[in-house]
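Asks: Quick note, the sequences are listed as chains V and L, same order.
Here this note's numbering = 1-based position in the first sequence + 532.
Here this note's numbering = 1-based position in the second sequence + 241.
It is worth saying that the hints were derived from the structure and are not from the lab.
Among these hints, one or two may not hold up.
Claimed, not checked - Not the full set, but computed from the structure, chain V residues with beta-carbon under 10 Å of chain L:
1. A616
2. K620
3. A630
4. M631
5. H637
6. R646
7. P648
8. G650
9. N651
10. D653
11. D697
12. L699
13. V700
14. K701
Just so it is clear, CB atoms sit at the ideal spot from N, CA and C, and this is done for glycine as well.
One-letter residues, chain by chain:
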Amino acid sequence: MKKTTKIVFIVLSLLTIGVATAFSVRNYDVSESEYLAIETPKKDSVASVKAFRQVYKVLMHPRCMNCHPKGDIPLQGNDSHLHAMSPKRGKDGKGVYAMKCMNCHQPENTPGDRTPPGNPDWHLPPADMKMVFEGRSAHDLAKQLVDRKQNGNKDYKALVAHADDGLVKAGWNMGKNRPAPPLTHAEFKKAWITWLENGAYAPPR
Amino acid sequence: MITLNINGKAHDLDIDPEMPLLWAIRDSVGLTGTKYGCGVAQCGACVVHLDGEAVRSCVTKVNRAAGKQVVTIEGLAQNNEHPVQQAWAEIDVPQCGYCHSGQIMSAAVLLRENPNPSDTDIDNAMSGNICRCGTYLRIRKAIHKAAEIQAKGS
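Modelling step: build the complete structure from the supplied sequences, incorporating the hints.
Replies: In structure tokens:
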């Protein structure tokens, strides 16, 4: 290879790498002031985003998303249709009047087909903190989850602890004909913590 | 042995703690005003009050009711004089009547929490009580009437 050809090749290679890096940096939104609302131990956007891809699959699964609707009626079933009987969220997320969640949902799963799944703490997010999952992109949901104005004022420690919340864990035990999310709870917790501890970066738009 | 307080009276019952409250009320205690409809909390025919909340007794186990106050349609008011019962009679709401003890128990919770409900409030409160005869318009009218009766009586 001639010297000039070599130089041209090297310059072009560097340009390609530079452009690719620039795009990847832009896509990963590294500007902290823009979205990073919590303090985290490390900063590794690649590891963080990779982990959130796994987390997102769980959060958008019907067992999780059905109680994080964009409207005030919960979703129901493996196809996430609007809940039969149209129960309403209410101010505290626990329903209204004669239509409170725990009037049907017992502290435990009710045996049988098409019976209400249960948990002692069954509820939707409250009206002033709706924590919507339905319809959110991975980018938007990641940002929302670490925004203390939208996540119930949870800091890093509280977010990590939330993986072991009783109602979160109930998503893996909702009774007959209700498949669990695509990761085990242990895998989800590991991915959740990996995402958070590496900076809670949002995937590209 | 489980003790259930139903309509202000304690009942010592030798029953399975996993038994649905509905069967304890109907078969063990003999109060048959509360009806079995679907058995899976879908229709509202079995609604009773558990510490004031309109629970579906077909899926509520008796062990959840132990130590709490259960009120059935028979114990809602003396002489069936609850404002909702009075309005139901005045408007002549029921057709076949099967779902109406559940309807009345749900409406009573609505009026306790919201003494002057709008049509939307009524729909939100009553959407879990199904009526195969389709008496929904009379139910709504009667709840407005019950609100008036309740306001006069207070």
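Asks: Determine for every hint whether it applies to the structure shown.
Replies: Now the hints, each set against the structure:
no.: 1; hint: A616; result: 7 Å, holds
no.: 2; hint: K620; result: 5 Å, holds
no.: 3; hint: A630; result: 4 Å, holds
no.: 4; hint: M631; result: 5 Å, holds
no.: 5; hint: H637; result: 8 Å, holds
no.: 6; hint: R646; result: 6 Å, holds
no.: 7; hint: P648; result: 5 Å, holds
no.: 8; hint: G650; result: 9 Å, holds
no.: 9; hint: N651; result: 13 Å, violated
no.: 10; hint: D653; result: 15 Å, violated
no.: 11; hint: D697; result: 22 Å, violated
no.: 12; hint: L699; result: 18 Å, violated
no.: 13; hint: V700; result: 23 Å, violated
no.: 14; hint: K701; result: 21 Å, violated
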